[in-house]
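S.K.: Residue numbers (my numbering): 14 to 153.
Keep in mind the hints are simulated off the structure, nothing from the lab. There may be inaccurate statements among the hints.
Claimed, not checked - Pairwise CB distance ranges (calculated):
{"hint": "1", "residue 1": "Gly67", "residue 2": "Ala134", "range": "29 to 35 Å"}
{"hint": "2", "residue 1": "Pro89", "residue 2": "Asn110", "range": "26 to 32 Å"}
{"hint": "3", "residue 1": "Asp99", "residue 2": "Asn77", "range": "34 to 40 Å"}
{"hint": "4", "residue 1": "Thr106", "residue 2": "Leu30", "range": "16 to 22 Å"}
{"hint": "5", "residue 1": "Leu62", "residue 2": "Gln113", "range": "17 to 23 Å"}
{"hint": "6", "residue 1": "Pro65", "residue 2": "Lys128", "range": "28 to 34 Å"}
As the structure is a prediction and not an experimental result, all values here were calculated from the model. Think of the CB as a built atom: it goes at the ideal place given N, C-alpha and C, for glycine as much as any other residue.
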Amino acid sequence: TRYWRDWSSDVCSSDLLDWIDALSTEVANSQAMRALAAEHSIGVTQTVLDGPEGTVTYHLQVGNGVASFGAGPADPEDVRFEQDWDTAVAVATDALNAQQAFITGRIRLFGDQQKLGASTAVFAALDAVFGAVRPRTDYR
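Based on the sequences and whatever the hints tell you, model everything.
M.R.: Right, dumping it as structure tokens:
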């Protein structure tokens, strides 16, 4: 059985939903994300198919000075990404470049591509948040 586990002392995870909770805390505590949320507005939904818990959907919502990350779809949703579990793990562990996953169709994009392109600073800051959680995560 594969699952995502966060080994930090304050978060002990046994599944993808606990990983989402760990990222939610990091996003909420990120000054960079809050600052960008004052300048940008975007709702991004990510759906991971065929994982250990089945299909899991989570989101990033940025706008009005607030950045949040959590379970369920973004509301409002500007962009949606879909990928299977193996692709999600490969991208998260740097075994697969996200751009290559897009080009080969392993990550599917739906929605406002222009708004997505205008939000590159948000995703750069989010990458730092993922970087804070990644060392504490076991992807199995």
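S.K.: Next, verify each hint and record whether it holds.
M.R.: Hint by hint, here is what the structure shows:
1. Gly67 / Ala134: 29 to 35 Å: Given range 29 to 35 Å: holds, Cβ gap about 33 Å.
2. Pro89 / Asn110: 26 to 32 Å: 29 Å, holds
3. Asp99 / Asn77: 34 to 40 Å: 36 Å, holds
4. Thr106 / Leu30: 16 to 22 Å: 19 Å, holds
5. Leu62 / Gln113: 17 to 23 Å: Given range 17 to 23 Å: holds, Cβ gap about 19 Å.
6. Pro65 / Lys128: 28 to 34 Å: 32 Å, holds
When the structure is compared with the earlier hints, no violation turns up for any of them.
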